[in-house]
Amino acid sequence: MISIKNITFAYKNSKTGEKEAPVIRDFSLEIPEGSAVAVMGESGRGKTTLAKLLLGFIEPDSGSITGLEGKRISVVFQEDRLLPWYSARKNIAAVLKGEKAESAALTEKLLEEVELTAAADKPIRELSGGMQRRVAIARALAFGGDLLILDEPLKGLDEELKKRVAARIKARAKTILLITHSEEEAALFGAEQICRLN
Amino acid sequence: MSRDILKKIGKIALAAAFWLLVWQLASMAVGKELLLPPPLSVLKTLISLVQTGRFWLSLGHTLLRVLIGFLLGISAGTLLGALTGSVPFLDTLLSPLRSIIKATPVTSFIVLLLLYLSPVRTPIAVAFLMVTPIAWANVAKGVTSTDPQLLEMAKAFSFGRMRTVRSVYIPSVLPHFLSAATTGFGFAWKSCVAAEVIAMSKNSIGKAIYESKLYLETPELFAWTAVIIIISMALEAILVKSIGRLGYDKH
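Protein sequences appear in the order of chains A and B.
Those letters in the first sequence? Residues 1 to 198, by my numbering.
Those letters in the second sequence? Residues 1 to 251, by my numbering.
Same shape as in the complex, but just chain A (with noise of 0.2 Å):
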């Protein structure tokens, strides 16, 4: 079980150097094991803060976060942040460690389940916006580990192919931390826990 507790975060202003009105004050959440949690919330309510600080980017000015020591997490940022030098295969591969020949297979399968191997050797600044998000969903699911962070994943991608994505995507997954401010993505992914930050 993750469980966040009483998390409040504030950020630091870049010129003053002082903290700013809190972007999560007094937030708590359990994530239980294998499940799918969708976070919601309008633009500017701290979603993303949210994915930073699980992923320990930054950490909360108070409260916790118990039951990620030791654990992997994976991630699809909000933008998809590709390495714009290499092809989307390339992508892939660049989060795979160990024998050459199992990575090889392993991103070839994530290719064809985000729908990608005709355009897996294409340079990143070729593809579409929505072929360049599965490329990052594709990276996220190759990383693996045990939470995976889906920052709106399915942006930019077509209705019936989002419905295949996601479903591919909870085949994968352990546990999903879903953000999104869309009710109808979070019912792809079968979210048991809906959470609404305010």
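Treat each hint with caution, since some may be false.
Distance ranges between label pairs, derived from CB positions [as the list claims (entries may be wrong)]:
no.: 1; chain 1: A; residue 1: GLY41; chain 2: B; residue 2: PRO88; range: 27 to 37 Å
no.: 2; chain 1: A; residue 1: SER28; chain 2: B; residue 2: SER75; range: 48 to 58 Å
no.: 3; chain 1: B; residue 1: ARG161; chain 2: A; residue 2: GLU112; range: 30 to 40 Å
no.: 4; chain 1: B; residue 1: MET162; chain 2: A; residue 2: GLU102; range: 16 to 26 Å
no.: 5; chain 1: A; residue 1: LYS5; chain 2: B; residue 2: SER75; range: 45 to 55 Å
no.: 6; chain 1: A; residue 1: ASP26; chain 2: B; residue 2: PHE89; range: 15 to 25 Å
no.: 7; chain 1: A; residue 1: SER62; chain 2: B; residue 2: PRO105; range: 23 to 33 Å
no.: 8; chain 1: A; residue 1: GLU126; chain 2: B; residue 2: LEU36; range: 47 to 57 Å
no.: 9; chain 1: A; residue 1: GLU59; chain 2: B; residue 2: SER75; range: 37 to 47 Å
A short, non-exhaustive set of chain A residues, derived as facing chain B with CB atoms under 10 Å [what the hints assert, rightly or not]:
no.: 10; residue: TYR11
no.: 11; residue: VAL23
no.: 12; residue: LYS52
no.: 13; residue: ILE73
no.: 14; residue: PHE77
no.: 15; residue: LEU82
no.: 16; residue: LEU83
no.: 17; residue: PRO84
no.: 18; residue: TYR86
no.: 19; residue: VAL95
no.: 20; residue: LYS97
no.: 21; residue: ALA140
no.: 22; residue: PHE143
no.: 23; residue: ILE149
I should point out that these hints are in silico values taken from the structure, not numbers from a laboratory.
We put the CB at the ideal spot given by N, CA and C, even for glycine.
Since the structure of chain A is already known, use the hints to place chain B on it.
Okay, now just chain B, sitting in the frame of chain A:
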């Protein structure tokens, strides 16, 4: 050969012909070969020059000095750029040194270095000093402007230091490095030959230029200058092509 390439070659040839004509007309207007020799006279001198052993000996030695100075400068500048780009304190500590080297006139360096080094080594040291701050500033800029979101991504996916350097930093810095290498190479050539002129380095283009000025052989001075320009442009093109290959995936 495609039509586009032929068109491009045609345009370049036309531009070259135009400037050769301007040169010829200017030379005719001046009317003294000693002050401004015509293109044909320079070409004739160049042809007779390339048939001498002295030409190849001077060219080879100067080229070697330029390359050594350039490679040392680009290596030191890249190392310093990587260090100061990643550690802000080092940047504060070392950047005055870079500013001083950059602002010092090349002739001051040449005269000063001649006190410590031989006329053969001075041009190498001068080229090194000219290239280092250029590579340093560009690489440091490349490091500091690396996309922080990509660095966060590398951290999230446990890239580790080596993979982050290889997959994120190096490709991000590469365009800055390329720009430093091309600019630096031009500087290395010019400063190295200038140092050779003042140092009277044995077997060098610089010495040949000095002697042609001394004996008022202006066509030879022009011929040597043409050699420097041609070699510099050719090597720069090779440099750009070979470094450019390292960048984006090509499929």
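- Are there hints from earlier that the structure breaks, and if so, what are their numbers? 6, 7, 10, 11
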